[in-house]
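Engineer: Residue numbers (the UniProt record's numbering): 1 to 532.
I should point out that these hints are in silico values taken from the structure, not numbers from a laboratory. It cannot be assumed that every hint is accurate.
[Claimed, not checked] With a straight-line cut-off of 30 angstroms between C-alpha atoms, the simulated DSSO-like cross-links for lysine-lysine are:
1) 423 <-> 359
2) 244 <-> 359
3) 101 <-> 325
4) 244 <-> 101
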Amino acid sequence: MWVSSSTVSVPSVGRLCEISGKLQPGKRMSEDSSKQGSGSTEVVRESKNAEKKPTSNRSIADVVAGYTGPLLLAIFASTMGGSFQFGYHLGCVNVPQQVIKEWYVDSHEQMFGYRPQIEDVAKWQWGITVALFALGGMIGGLASGWAADRFGRKGAMIANNLVALVATAFMWIARYVNMYPLIIVGRVIIGINAGAGTGLVPMYLTEISPVNLRGTIGSVNQLMITIAILLSQIIGLPQLLGTKEHWPLIFAFTAVPVLIQLCTLPFCVESPKYTLLIRNDAKQAKEDLEKLRTGSNLVAELEMMRREAEATSVVEGDGVLRLFKGSYAWPMFIAIMMMMAQQFSGISVAMFFSTPIFKAAGLGPNAIYATLGMGACNVAMTVISVYLVDHPRFGRRILLVSGLAGMLVTSVLLTVSITVYNKDKIGNQWASYPSMVLLYLFVISFATGPGSIPWFFVSELFDSAARGGANSIAVCVNWTSNFFVGVSWEFLNQSLHQYAFLIFAGFLAFFIFFVWVYVPETKGRSIGSYQE
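Put together the whole structure using the sequences plus the hints.
Structural biologist: The following block contains the structure:
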């Protein structure tokens, strides 16, 4: 959340040209001072041409050719930690919640001497367990920007694993000491881990990506989240770990992605943008960029980074408040609205409470498997959106608007379907099946764009000097919105029943208008160029 108050020292044009001249034969600039000026102009021209390079002939072969081994390793290692943990703990308490609630009752009786009704546990202790995950996310999100600038993008992600291990210990041991408050504490701590990850991972992916693959690589963050949600729901089945004896292992599984990231991320490169613009190490930035690129024009890309550093070389000393002033103010407002759009769409309700919703729709014991089907649809559509987000016929805005519009239509139809079923649960049993299909379509619409794009879109709006702080604010807003939706849903559901979805429909209508009118298209543009 912190924006450094120091002055960024910018490497000279000559120094960058000297470093990068060896990359492509025939393009090395003369060290003669009379030729440096014309060489710099040529590089700038190449840089601009690279930004405007048409993508109409973009093929799968071209996309695959843009990946190097170090780039693929960095994508896998970063998302396996932060993205996976977020998705896993978003979904792991959904399927086995009834078994865990029953243990809450037993634990409460042993700790306090009286046995509460399971309905009271579901309303209070379990509600707190679910909600505090988002509260921890707020804290982690706020800390992510400071950690990213203080320890580096990679260093902060590595350190974040220590938080996950502490959370794992609390949640795993709770069953064996028969103290359910330990799970509540563990959920707060793992929320901090997930919140930090949702700030760090998209930032890192945006900064290491070639401009033509930035949306695709940025969307891998959401893809890993959806895969983790589905995996957590499968693991939580009664046939696997969702039993009275084995459910603690669901939380213990948290250590697996921690170990994978600790074994892979140290071998990945740091973000070249961070290395050049914040650490002022042009030589290391050039070496890291060479590993991440194949046939890209590295001279032009380094020059773009230098120009970005020049534009932000003097950073004022009013910290995060600076992001609400001058050229940063409007991009910051857009970033906040994008994050609010994601959560006030109602997606958290679908993820947290999908099984009870399916039961209310008349699916009975099959509700668990309907939830798994929803998770599978989420993964499948996210895979498609990973390709579409950088496709020449689509882009950020089209996918966002179409996804939000789909959620609006399905939320209204879902309300109608559940209403028809509730009027006559025996005679209108057929209406339960459209409810299931509509909830699937709701999630598919979310995966089209609103699920993945806001996470990396924020990083595209800001230069490196402001990116850490802007991500902190945006991620905190996302988690705060998540918290309020989660806490208020039980009250809304009890008061308005199925009509509660119409509230989300109202939010969706507003955000469709906002995105269509005010949100810029960032596909193919240099990072932070919108501030200009």
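Engineer: Each of the hints needs a verdict: does it hold here or not?
Structural biologist: Results of checking the hints against the structure:
With a CA separation close to 16 angstroms, the supplied pair residue 423 and residue 359 stays within the 30 angstroms bound. About 21 angstroms separates the Cα atoms of residue 244 and residue 359, which keeps this hinted pair within 30 angstroms; it holds. A threshold of 30 angstroms between alpha carbons decides the hint, and for residue 101 with residue 325 the separation of about 48 angstroms lies outside it, so the pair is violated. Restraint check for residue 244 and residue 101: satisfied, since their Cα atoms lie roughly 10 angstroms apart, inside the 30 angstroms limit.
Violated hint for the displayed structure: number 3, the only one.
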